[in-house]
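K.L.:
The whole structure should be built from the sequences, with the hints applied where relevant.
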Amino acid sequence: MNLVPPDVNYYSMLPFITVLLTAVFATILPFYVSRKAIAGLSAVGLLVALAASIGLWNTNLSSFYGAYRADNFALGFGIVLIVGALIAVISSVDVAKRGGTMQAEFFAILLYAVSGTMLLASAHDLIVLLIGFEVMSLGVYVLSSFKETSNSEEAGLKYFLLGSFASAILIFGIALVFGATGKFGLEAINTAVLSPEFKNSSIAAVGALFILIGFSFKVAMAPFHQWTPDVYTGAPTVVTQFMSVAVKAAAFAGFLHIFGLALQNVSGWQTPLQFLIALTLMIGNLSALRQSNLKRMLAYSSVAHAGYVGLAVLASPSQGFSSALYYLGIYTLMNAGAFAVLNVLSKDEDGLEIESLAGLGSSKPLLAATLTFFLLSLAGIPPLGGFIGKYLIFSAAASSGYYGLVILAALTSAVSLAYYLRPIGLMYFRPRVTVLPDFSGRSTRVLLLVCAAGVLILGLVPNAVYGLLELVKK
Amino acid sequence: MVVFVILAVLAIAGALGTITFKSGIYSALSLVGTLLTLAMMYVTLHAQFLASVQVMVYAGAIMVLFLFVIMLLNESQMSGADPLPWVQPVAIAGGIVMAAALAFTAFQFKAPKNLETATAALQGGTPGVIGETLFTKFLLPFEAVSILLLIAVVGAVSLVHRQPAHNEALETTSEHATDDAYADEVSSSNPAKVVA
Amino acid sequence: MDFLNHNLFALMPVLPLLGWLVLIVWGKNMKEPTPGIIASSLVFLSFVLAIVGFVQVSPMKEPLLNTLRWDFLPMWVLEKGQLVSKPLQFGFALDHLSSIMTLIITGIGFLIHVFAIGYMQHDKGFSRFFAYLNFFIGMMLILVLADSYPVLFIGWEGVGVASYLLIGFWYTDRKNSDAARKAFIVNRIGDAFLMLGMFLLFMTFQTLNIHEINSSFGSVVIPNVTTISTGIAYGSPPLELAALFLLLGAAGKSAQLPLSTWLPDAMAGPTPVSALIHAATMVTAGVYLVARSHGIFANAPGASSWVMWIGALTAVYGALSAIAQTDIKKILAYSTVSQLGYMFIAVGSGAYWVGIFHVATHAFFKALLFLSSGSVIHALDGEQDVRQMGGLREKLPTTHIVSLIGTLAIAGIIPLAGFFSKDAILSSAFTSPFGGEFSGYLIWAIGLIVAFLTAGYMWRWYTLVFLGTYRGHAHPHESSSVMTIPLWILAGLSVVGGFIGLPHFLGKNVNWLEHFLEEAAPNAIGFREIPIWGEAILIALALAAAIGGILFSRWIIARDGAKSAGWIATPFGNASRKALFLDQTYDVAVSAPAKFVSEQLELADTHGLDRGIGAIANGTVEAGASLSVWQSGFVRAYAVAVLLGTAILVGYLALRSFA
Amino acid sequence: MVETQYYIALAAILFSIGAVGFLTRRSAIQMFLCVELMLNAANLALVAFSRAWGDLIAQSAVFIILTLAAAEVAIGLGIIVAIFKKRPTTNVDVLSSLKG
Amino acid sequence: MIHLIIFIPLLFALIALFFRGQARASVSIFAALSSFALTAVVWMFKIDTVYRTPWIPGAGVFYSVTFDGPSLLLALVATLMTSMTLIYFSFRKDSHQAEGMYPLALAMLTGLLGIFAARDLILFYVFFEATLVPSLFMLGLYGRKNRVRALTKMALYTIFGGLLMLVSIIGTKYYTNSPSFDFLELFGRTNQLDLETQTWLFLGFLAAFAVKLPLFPLHNWLPDFHAENHPSGVADVMGTLYKVGGYGLFRFALPLFPAAAQNLQWVFMFLAAFTALYGAWIAFSSKDFKRLLAYAGLSHMGLVALGMFSLNPIGMAGALFLLAFQGVYSSALFLIVGMLEERLNKDSHNEKTTSQALEIGHVRGLAASAPAFAGVTLLLWFASIGVPGLAGFVGEFSIFLGAYQANPWATALAVSTVIASAAFALTAYQRTWLEEATTSIPELNAKDWFVLAPILAVTVFFGVFSGSALKLLEPSVQAVAGLLGGK
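Chains as they are written, first to last, in our numbering: chain A, 1 to 474; chain B, 1001 to 1196; chain C, 2001 to 2659; chain D, 3001 to 3100; chain E, 4001 to 4487.
Simulated from the structure, these hints should not be mistaken for lab results.
Keep in mind that a hint or two might mislead.
The list that follows gives simulated cross-link-like pairs (lysine-lysine, DSSO-like), each with its CA atoms no further than 27 Å apart [what the hints assert, rightly or not]:
#, chain 1, residue 1, chain 2, residue 2
1, E, Lys-4046, C, Lys-2595
2, B, Lys-1110, A, Lys-199
3, E, Lys-4287, C, Lys-2086
4, D, Lys-3086, B, Lys-1110
5, E, Lys-4471, C, Lys-2086
If the Cβ cut is set under 8 Å, some of the chain A residues that face chain C in the computed set are [said to hold, decoys possible]:
#, residue
6, Leu-161
7, Phe-165
8, Ser-202
9, Ile-213
10, Leu-286
11, Ser-292
12, Pro-365
13, Ala-369
14, Gly-404
15, Leu-411
16, Val-415
17, Arg-432
Since we're looking at a predicted model, the values are computed, not measured.
Note that beta-carbon positions come from the ideal geometry of N, C-alpha and C, so glycine has one too.
P.N.:
Set out below in structure tokens:
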């Protein structure tokens, strides 16, 4: 037997392994230490992983014959994911009294899920990617149904059932792609597609389509988005926060990898994706208009944002990758920030009525100001980060010729202003009617300020980060 | 070909049974039938190891778990009218379209290699050759899948641990929180399971 | 020294404007006559400058241009396919025509300023009044001195503003404010056309400099031959249209039909204002404009005959309206309208000097008449109804005599000023090259009728005010000398003013004015020659019409009595008193609809359009709401979306590969 | 030997049947059974392709997917048990309060 | 230098947040005045270097700023009027209740200066939209009863148009294969585009500028914006200065897409002329001073658009001139309304008395008690309706003159505005200031004069000695007109 020696480079996997080890510790240690300490441990672990990711920048290491890569794209996504997870961890601390997230396994499962997301972002092999995808999904299914309330259970069950349905579609798609190309490795697939012997283009097209649907489900693109509002509303707020940023970002990382690398030369998925994006933009934005619950409104808003990032998937990889990463980075800060504010203001996990924000501007200036910041950025008002992100995406899509979609995106994001501005108007321009609870402690406040600063800095000096991302270009 | 047709008919029959039987137990047993048929099919496809795994893990362990849960929940027949009567025809129509389209695509498949030589390369799909692949080319997925199992275990346990809806009681207990974070939540749960 | 030579005349408008600034800022703190004295002396200084300018410019052929000028309006012209920036300069020019005008403006302006010191005494707004008057003089001087249309337009609208301020001088009375507003708005209609005229001129000539435009026609213009350097043919559409635009602009300022209704209302202002602005100077600006643009009009026969016809119709209209008025100033106001019509006949006929001639003589006698009526009103403590007057001959002897002179002058009795100018107008209409012979004769006939009517209503005015017995209740007293001295001067001018433009049959070179203006405003080409005896007959007929008018008027008054109730009660009298219902027509046909549309638009804009856009917004929101029906909460329904989405997309791909 | 196409077509049919079942069954467990059916259809396709390409890697992938299915079942049944043990039925339609 | 000018206001806006009361006012006024002073220095020493540094090089976005003639003129007006407005506001009795106005106004000023200075399309867009935020906050925080409605309207209109412009901006770069969004780089490439592409891109720009101008039928946000804003008029002044649609047309849309502009010229000339007339006509029936001024502003903007679309150097120069100086006298009229409101309104928190104080003709004959106040108002109104000798005329006349050369019929329609505007202005003036006095108000005091005197001086001075301002405009206008075929 000719055993091929395994090619393992532990350095390349350092961030991933750090998170995984932290997760294992977070699983075991609760027997011995307090939950607060676990939270601290998780935060430290994530920070170490963050440092490791930054340290690995530009090294371009890879492992397992290229199945796992720590290139800048993966590292960039890793950073975004770690930041998203960190925000969730910190947010969870102040609402511990409200319960729901301070069960000790919370951190463990969260960290496992993070490791799954990182695997998803780094994998260059369909099966590894699938495993990352599933680790992430399973973790989030559990987290969604973490509370023994009817809403949380409903969220968990819906997510799980529909999620496994979508996974099955995804796996079938992977099978078909393998059938067409005989490969699982992303670059290998592309090579196979380009090779003259390639004959199964229609099988590849259907496989690509199934993979597209599986990922569209996970990133919440219409018409596969319907779980999103319900799950986002029903899940504990911190979990929703994590889902809306890290899970979405990781799913997009895989999405971009598969379609930007492996299947970029397969035809047939582009038109359906355009259709999905158009539908997503309209449905996400229009549905958000009439929501009375802030949490649900943000859920629909997150559907809409999936549409924007979807444009980057559609665009040519050279611009799509970096713009999507930049967008998701900002999106992580602003959306997680908005959820963090929502989190400390709600009396339970069901979110809060937008009307009850009235007068918040004077009663809780910091929370109101930061929420305003995040909402404006989500709406894409310059000079905040959200605008730059949106601009980069539009630009990428336009330069690949998807002009109609860009116009649609612009129009719908004008519509989105209506629902983003409403809370702001209520907070500042209306007298207070409801007394909202305020769970915010020092950690949340610092977190909010850091997020707000990040959103502003990414808007004002985008090149500080985007310049680095230039290297992501393939 | 005859074998294939028989097996295919059986598999489809089982699948149809799975989706038509009202009772969960019959439904699950039909699926077991399909799974066993597929295992036989794997043998015809030179995947001996998979065939055995299919029988042991899938038809055996997993489906037994299903049956166990079905019985645990002691599910009665669905009561009351279907609130979504339109779903069934729509689903069937959609399913037929999908099946037709997929089957149509399937027949466009052009074999990349000569089937005989290709089959020979499989070496029968014995555990040995599969193991070799898993520990060399497929090491990463093989390792990574362990995380999947880990999270499955931790997740399943934590689902049992979930917090009650009204957490006033919890808040009072959490004031007496000891270092042992698991202990003060649900005292009945067995920590040993977690480590496993 | 050269600088002074060139720029001294430009000080003319500056001095009164300075007076305005001083009085508006510090006037409130001054004692009563001081503001009047400051204002009058500044105008007098301008008058002196006008004389200096007159002396300077008399021997010159070319206009005197001031050298102190600066960029005012952006302008680009195409030269050899290249855009070249040639900003329009803010500059003045003094030529014979404007020199005559400055003399009239500053001279009469000065007299009226002096008169107003007496007339406006004890008025709360004494200093404000003089500030406005000075402002007016300044603007009027800018108007006549301008060397380009836009600068002219500054003065043009500036005098409009002054007129607005002065008509509404006693603004607490709503009637006065309304009259002022009306005057301004109607003037603006004319201004709008004047602007259009300028734009068309720029399009045609690539400049808005008046002298450049006039000189571009060359010295000799032969009808029906393209002789103009810019290639604009005699009577070509752009010229005709531009001239028509200018005509409508002039009609606004000079209260010609159809924009005449504001002038009678403008009598709401203090009487010196009526004399200065609404008789002697501002309203003649239209005439000046036509004379100033002689090059255009002389080459636009169609537009010129329009000018004549509008003048003729206005003359009749004014005269008919004046017949039955009862307000001492309204009679004079309609008379002014009518006389302005005369001037338009003159400039329309192509004899521009005649128009200016009548501007001058009219300025003398109409200012005199207005000031006299001011003196009467002053004496009667504000009474203006002629039916409450009568027999003032003894009580106001000075006023009476000067009024009689004015009446005879306007009626055209030889040898007073009006006789000569009116005669010149009639004969120029008779011989005009524009509009054909028949049209010329017809206009001449109309002019004759108007002369008859003018003599008639003026005699009625004179009789009702001064003859008979006093019918009112006040205690009349003669005005102070500060008011009477200007009256005497004006009376003197009304007597001798006509001698600057003696008719041709008295000799070839007796007509000083025509000769003086032959560079600045040469006659149009092609006047029909008529024999000397013909001219004499025309003059005799005009004189006969005047005398006939007076006699007829005497007869009517003798028949109906001083209050002339008899015929005034007839429909004709009523129509005359209501000024032929022109005001009412405008109210119904223009003002009311415009207002109605405005209100409806306002409603539509604030509610209708709003609602329309609101409907779009609501539709969007409703679309969002309808999506929530789809979001039914049933997990199987969501799965349907997933399955159907997949099936459709896969079906699409399959069909695509099939096809 | 039976051509690969037939296996793929069978997988497609099984997959579709599973998908239809997922929609028509109202019991959470039965829905999940249908997902298992779909996964098996995918596995069948992979095994067939494995033979077509003569590459064992696909069989290894099937092995991984089997494990994955097991993990999914663990979590899924965990959720179902946790949620439905206090309810009289596993009918998913009762959980439809989150909507709009 | 130029960066200082642009960012001083924003910097001081942040500093001002740490102060209260008089100190905050002083800091803010100092910031605005120093920005003005620096701008004046730029003007005097003719500093027009282009500062260009990469901002997002990967996406071809540059931080590229300069103050050339038109920018400088508008910047001078913006800084001057902001200074005067803030000074005026600090004198108001109720200023301590709305202290947020200071930093918000300063933030807007930074945005405005950025708009004028930006030479990179994306940078321009950033400033263009960012300025909206403080504007919305002014309205939302200190506006009147229906402010949220007005705010939503304004925001939606603006963003709607703005995003279409963004799409066009991106499209411009994409279709021209330009390496950056720098105007100089795009320009010259765009005229190689075919007409259809040019037209679509042009329309995208136009969507934003037509909202901002505004042009009928996208003007609906404007009356509500003004009517619902704080009665002091600070926000209205800033809003007036924020009408940069005409500038955007001149700076970007026209030179980039000359063929499209020429092709669509007649449509937009008629639309602009109609807007001008429409605004003036409606203003005649307005019952509220703020709405009246809003419609008057609409009318002005119709004229600005007319001048721009004339594609004629005279018309464009006039449009820029009008745009700059209407920022002076229209703004001043808002201040006048504010001063009047302060004198008439006993309780600024009471919606009813505030409405009455702003109602045209609710009180009459004010000129009797405050003649100088009346005189100043009248002068500003005359400037606003384009009476020659005042700053409004130069712009208006040049616009008409230029526009007539391009399209006499549309111009004739627009010229009728001078009649309508005289009608509404004088009617409104008469209803309040003239006629029988029903009440008396205090005359202008020294503080009021301090604010109004410079404004009046500018209005009169540039009405006669317009040359210095025209010098600033000339080269740019000539360059743009040259591109457009120089008709």
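K.L.:
Is the hint on Leu-161/A kept, meaning its closest Cβ partner in chain C is under 8 Å away?
P.N.:
At 6 Å from the nearest chain C Cβ, Leu-161/A passes the 8 Å test, so the hint holds.
K.L.:
Please verify that hint: Leu-286/A, Cβ, nearest Cβ of chain C, below 8 Å or not.
P.N.:
holds, 4 Å
K.L.:
CA of Lys-4046/E to CA of Lys-2595/C, is that 27 Å or under?
P.N.:
violated, 50 Å
K.L.:
With chain C as the partner, please determine if Leu-411/A meets the hint condition of a C-beta pair closer than 8 Å.
P.N.:
violated, 10 Å
K.L.:
Within 27 Å, alpha carbon to alpha carbon, are Lys-4471/E and Lys-2086/C?
P.N.:
holds, 12 Å
K.L.:
So, as I understand it, the hint says Val-415/A touches chain C; can you test that by seeing if any CB pair is closer than 8 Å?
P.N.:
holds, 6 Å
K.L.:
Given the hinted pair Lys-1110/B and Lys-199/A, is their alpha-carbon gap at most 27 Å?
P.N.:
Holds - the C-alpha atoms of Lys-199/A and Lys-1110/B are around 7 Å apart, at most 27 Å.
K.L.:
Holds or violated: the hint that Ile-213/A contacts chain C, with Cβ atoms closer than 8 Å.
P.N.:
Holds - the Cβ of Ile-213/A comes within 8 Å of chain C, reaching about 5 Å at its closest.
K.L.:
For the restraint on Ser-292/A, tell me whether the closest CB of chain C is nearer than 8 Å.
P.N.:
Since the shortest Cβ distance to chain C is 11 Å, the answer is violated.
K.L.:
Quick check on the hint: Pro-365/A CB to chain C CB, less than 8 Å?
P.N.:
Result: violated, 31 Å to nearest chain C Cβ.
K.L.:
Have a go at the Gly-404/A hint: is there a Cβ in chain C nearer than 8 Å to its own Cβ?
P.N.:
violated, 18 Å
K.L.:
Lys-3086/D and Lys-1110/B were given as a pair; does the straight-line alpha-carbon distance stay at or below 27 Å?
P.N.:
At roughly 53 Å apart (the allowed maximum being 27 Å), Lys-1110/B and Lys-3086/D break the hint.
Hints 1, 3, 4, 11, 12, 13, 14, 15 and 17, counting from the list given before, are not met by this structure.
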